Structure formats: C-alpha cells, structure tokens
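Q: Here's the letter readout for the chains.
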Amino acid sequence: MMQALEFFLMSWTDPYLLFLTAAGTFAGIYIGAIPGLSVTMAVSILISFTFKWHVNEALTLISGIFLGGVYGGSRSAILLNIPGAPAAIATGLDGYPMAKRGEAGTAIGLTTVVSVIGGFVGIAALAVAAPALSEFALKFAPRDYLMLAIWGILLVGALSGGSLVKGIFAGALGILISMVGLDPMTAEHRFTFGHVQMTAGISYVAAMIGFFGVAEVLMQLHELKTRAVRQDVSRIVPSWARVRKHLPLSMRASAIGVVVGALPGAGGDIAALMAYDHAKRTVKNPTRPFGQGAEEGLVAPESANNAAVGGAYIPMLTLGIPGDAVTAVIIGALYIHGLKPGPMLMIETPHLFWFIVGSLVLANCFLLIFGLTGIKLFAKIVETPKPILLPLILVLCAVGAYAVNNNPVDVYWMLGFGIFGYFLKLYGFQVGPVILGMILGPLMDKSYRQAMISAEGKPAQFAAEFLSSPLSAVILAALLLTIFSQTAWWRRWRGTA
Amino acid sequence: MLAAPDAQEGGEPEPALLPGELAFCALLLLLSLFLLWQAHGISGFESLTSAGMFPMLAAATMVVTGAVFSWQSLRRGPSNVSGQGNWQAFVVQITPPIWVGFTLAVCLYMLALPRLGFLGASFLFLLMSMRLLGSQRWLLNVGVSVVTLAAIYGVFQTIFSVVLPKGSWLQNLFR
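Here the protein sequences line up with chains A and B, keeping their order. Residue 10 is where the first sequence starts when you use the numbering used here, and the numbers rise one by one after that. Residue 1310 is where the second sequence starts when you use the numbering used here, and the numbers rise one by one after that.
In short, the hints are calculated from the structure, not lab data. A hint or two may mislead.
To be verified - With a cut-off of at most 20 Å between alpha-carbon atoms, the simulated SDA-like pairs for lysine to any residue come out as follows: (1) A:K455 / B:L1420; (2) B:K1475 / A:V418; (3) A:K234 / B:V1456; (4) A:K455 / B:S1359; (5) A:K434 / B:T1404; (6) A:K234 / B:W1408; (7) A:K434 / B:G1443; (8) A:K289 / A:F299; (9) B:K1475 / A:G210; (10) A:K234 / B:A1460; (11) A:K434 / B:V1456; (12) A:K434 / B:S1359; (13) A:K234 / B:N1450; (14) A:K385 / B:A1460; (15) A:K434 / A:V418; (16) A:K434 / B:L1331; (17) A:K455 / B:A1369; (18) A:K385 / B:V1456; (19) A:K467 / B:T1358; (20) A:K455 / A:G210; (21) A:K234 / B:L1336; (22) A:K434 / B:T1358; (23) A:K234 / B:F1343; (24) A:K467 / B:L1357; (25) A:K434 / B:R1446; (26) A:K434 / B:P1405; (27) A:K455 / A:K434; (28) A:K234 / B:Q1381.
Every value quoted in this text rests on a predicted model; they were computed, and no experiment measured them.
Throw the hints in and build the complete structure from the sequences for me.
A: Given below as structure tokens:
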C-alpha cells in the first residue's frame, strides 16, 4: 500500500516530472484548441520526442497531453464551432450558440470545471475498478461493436436536430470514404479507381478539417457584415451554486464516459454524444433549449469525454487493447519503451500503474489551472473582424491538413471536402456523421465480417445472434429506440403522453 | 445568413426548398448509385464476408436514404423565390460573387502552395483574400499576416518538425 502511494506521488515530488506534466497539459490544451489539430495528432507528434527519454518522463508528458488535448478541443468548438476533435462535436452544439451571445467566458469556465470533475471520476474508476471493467468489456462480441458504431453515427445524426434520413446518408457516406484504399484482410482495391495514390486511403484529419474548418469558413461568408459579438470573459470561474446545480448531471455523464471509454474502440467521441443524449432526455428544464446554448449541453459531453480518458486507460493497461485512437498511439509508444501493455503489465510492473494514475491526477489539477487562465486571449479570436479572421483560419486549416502526412494531396482533399461540406450544410445535412463514419468505418467493416464468419455466413443466424445475449439485445434496443425517437409516431405519442 | 432547411418529419409545415436543393439531392442520389455500382465491382456477391460486401451495404443505405430525401424534396415543391429564375436565385443566395471570389482565391492558394512555398503562397493569399472580403487597412492586413505566418512557421517547423512546403519555383530560382 505504502509502495503504491510512493509511486502515486512520484510525479508530484520530482520537480522535473512535475514540469513535464504541466508542459504536457499546457501543450495538449493549446494544440487541441487549434482547429484541425486533433488530440491524436498532438499525441502522435509530441510522443515522438519521448522515445529516447526515460519511461517515467514519457508517461507524465503523455498523460498531460491526453487530458489537455481532449479538453482543448472544446475551446475551438465553443469559439469557432470547429471541434478540435470528434469528442468535442457535441460541445459545439450548445457552446457555439453561447459564444454567439457573448457568453464564451461562462461556457469555457463551466467546461473547464466539469472536464476536471469528469477527469477525476475517470481516474478514480481506473484506480478502483480497472480489472472488473476490463472483464466486462471483454464480453463484447464483434456484433456488439458493429451495433455500437451504428448507434454512435445515428446519435450524431439524430442529436444535432436535423433529419435522421440525411444523418444516416451522411454516416454511410463517411463509411464509404473510410473504405477507400486496400482492404486490410484481402488487400483488394476498394474505390481506388486505378490510382496508386488512392491505395493509402483518405486521411480523416484532412476530411475533418475540410468538413468542419473550410466549410464553416465558406458558410461564414454569408455573415461577413454581421458584427462580431463581444465576449464577456470578466467572470470565468463559475459560481459554486452553478457547479452544484450541474454536479449531478456531470457525475452521471462522467459515469457514461468511464463505461464507454473503457469499451475498446469506443472513445470520448461516442461517450460525449451519449452523454449529450442522456442530458437531452433527462433534463426537463435546461437553462435554454438544447441546441440554443443550454449549459447542460456543455456539462454532459465535456464531463463524459474527459472521464473517458480514465476509462480508455483501463483496457489499454489491463488488456493491451486501445480504448480509442489516442490510446492506440500510446500503446505503440509503450512498446517502444519496452513495456508490454496487457495483463502482465499489472502483474510484473504494478508500480507503473500507480505512477500513471498519479500522473493523471496531477495533469487534471494542471488542467484546472491552465483551463481557467488565458481565456481572454482565446476570446479575442471571435472578436476579430471576419475579413481578417476567415483567411487566417483557412491558412491554419491548410497547415493542419498538410502536417498530417507532409503531403499537399491532403490539402486538396481538405479543400474538396470543404466545398462539398458547404453545400451539405447549406441543404440541411449534418457533417458530424460523415466524420464519425470515417473513423468508425474500418471497425464496423471488421466487426461485420467477424460477426458474419461466426454465424457461418448464414444471414438468418447472423440476425438471430443479435438477440442471443442480453448485452446485444440491450444495445439493439437502444439503437432501435434512437431510430424510433426520430419518427412522427414518437413525437405524436410524446405529445399526447 | 441562409437558413439550412430542417427536415420536419413531424406535422409542422416544412420550409420551402432552397435554390438548387432538389438538384443537389438528385446529384447525391446519382453519386450513391455510382458508389453502389463501384462497390459491387470490388468482389460482387461472391461471399457475405468479401471485401466488397460491407461497402455495398453502406452504398445501398445511401441509395435508399438518398431516394427518401430526394422524394421528400420533390414533395416540398419549388423553391420560394419571388421574381427570380432558379439559376439567378442560386447565384444570388447560394454562390454570391464574394463566395465565388473567395473560393477561387482558396483554389489558387492550394495550387500555389507547392510552387511558391508556404510562406510566399500564404502571404499572398492572406493579403488578397482580406482585401477581397472588405478589410481596407493595408498596414493592418500586412501586420496580421506577417505575425500570424511567423507564429505558424515557428510552431510547426521548429516545435513539431513539420517540413512546410519550400516552393519549387523559389528553389529553382536560387539553385
């Protein structure tokens, strides 16, 4: 016990490790906040510096970047309606309307506090319930992953207030874009049209920047004459009364974040959307209607996505399975440092587990400090006149897309998706499902084929297996309920109920 | 600001079509059919676990949903534009001159990036597009452009080791 505490406090007492945790958190927040720079990208790039470092130094930096990056994505979602990462898509739904009313300071302050609460809940779950939750995640069959991914895409389409039919179309389009390249199982060409350059596929980061960054810039051209709203950032730290009011929702959303984050493949993005959906269904009297700047619409996704960080560490450390794209990168880094994430890591090097938990707690404390400071500078961004701001964002988007692979072709993809995204948005299509489809497409393809193989290629048996376990039945019911809740019958029933 | 049409599937009256919306929906449906045909070309119906089966399912979903929203658009009737032809309304509301000008500037910027390099192409793009969008103060435009580009260049090139395009024309000039 005392030894565990000693390792827990190691990064708190060593000045260099303390500095690295702070630097990682700071860098994570600001990189995550730059439109187009995702937390995956931040971790991927910054982690490469650590390969020659001592493992403890690398782990502290990684912990800070991960927590800071997930939180940082919310800032650009609130201020510019461009999520820094898929996990912040839901945050923009209510955060951006708040910023448009000049309440960016309130939104960022509240987001910071609930992110820290979510972070602590996630880390506590990691420390206390890691083995149990990992065993639960093991029960998920490929068909469950397939349904979870479909559910995630449906949720984005349904939650954003648009047409579910268009949401499904957009999700399917995203899945097809993710299929471009070589089939990972058979190496057959899919949608490459005979071009060798297409075999590597299309970068989802370039698509994300195009759909969210470039398309938003093109949309904003219709509002050039609108005067920028002055952001009130005089009071950033939310009052205790406000925090206490949202605390129960934040705790519930954090619990969702932990469970979803612990499911391999389902990270902060799905957790945030599920938490948003939960808030929409359970909060009877939000501060404003959802989608128009409800504080609850910020509290739920931001608590969940930071709680999902702790959750994502659970399968990573105990099973060696990545919880999301970022933990996949981290697993690669751990291997380079000579560690083998999985059950043996907990047995052979338990001290590392407590060291990581301690570093995450420390990074979460730094998140509170850095999150509540420097907001005035960020708020100035939205006060910049649009004729100056829009070209600057465009340049930033171009650099972000180029930096993924140092390839100008990604910049052309970004532009193409941006113009396409402009027309999609204009005609009432949501672009969120396209991105989610792109991210989850490979997982869905793999899960579908595994599930079909386990059903011996018989469609009837394949369909029957969805009801073969209580877990699958529950996910299927949730999926069907999401579809049904978007129909006129449901609205009529709710209207008469 | 143009209002994106909400598809009201409940009993509320649906908004009128935007100019070009029906054509866009039809184009998406055609795209879906093309993708379904391409997906079928991967491995046909040889097996339910073949490389082309899941793309076919996704493309078929696009065809079905594309047909549904195209039909919904068709039922909503013509766009509500008084005294304007469809094409004229499309040009005025969807692709106004400033939109076309800016989009062309972005396309030129993308083409110039590998030739002029990041700094040269970005500087020219920033100056040109700021002026195009109505920022009249040249000194401010130049100042903001220089400071921003210096910051981006410093962060990406120095800290992240991202090699930004140097520009083939400039390299040839100084060779």
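Q: Would the pair K289 of chain A and F299 of chain A pass a check requiring their Cα atoms to be no farther apart than 20 Å?
A: Holds - the C-alpha atoms of F299 of chain A and K289 of chain A are around 7 Å apart, at most 20 Å.
Q: Holds or violated: K234 of chain A with A1460 of chain B, Cα cutoff 20 Å?
A: With Cα atoms ~28 Å apart, K234 of chain A and A1460 of chain B exceed 20 Å; violated.
Q: Given the proposed pairing of K434 of chain A with S1359 of chain B, does the C-alpha separation stay at or below 20 Å?
A: Answer violated: K434 of chain A to S1359 of chain B is near 34 Å, above 20 Å.
Q: Given the proposed pairing of K434 of chain A with V418 of chain A, does the C-alpha separation stay at or below 20 Å?
A: violated, 24 Å
Q: With a cut-off of 20 Å on the C-alpha distance, tell me whether K1475 of chain B and G210 of chain A pass.
A: The hint is violated at about 25 Å.
Q: Can you confirm whether the C-alpha distance between K467 of chain A and T1358 of chain B stays at or below 20 Å?
A: holds, 10 Å
Q: Verify the proposed pairing of K434 of chain A with L1331 of chain B, using a straight-line Cα cut of 20 Å.
A: holds, 14 Å
Q: For the pair supplied as a hint, K434 of chain A and R1446 of chain B, confirm whether the alpha-carbon distance does not exceed 20 Å.
A: violated, 32 Å
Q: For K434 of chain A and P1405 of chain B, compute the direct alpha-carbon distance and say whether it is at most 20 Å.
A: holds, 16 Å
Q: Under the criterion that the straight-line Cα-Cα distance not exceed 20 Å, is the pair K434 of chain A, T1404 of chain B satisfied?
A: Satisfied, since the Cα-Cα distance of roughly 14 Å is no more than 20 Å.
Q: Given the hinted pair K234 of chain A and N1450 of chain B, is their Cα-Cα distance within 20 Å?
A: Status holds; Cα separation ~18 Å.
Q: Is K234 of chain A close enough to Q1381 of chain B, meaning Cα to Cα at most 20 Å?
A: Violated, at about 34 Å.
The structure fails to meet hints 1, 3, 7, 9, 10, 11, 12, 15, 21, 22, 23, 25, 27, 28 from the earlier list, while all remaining hints are met.
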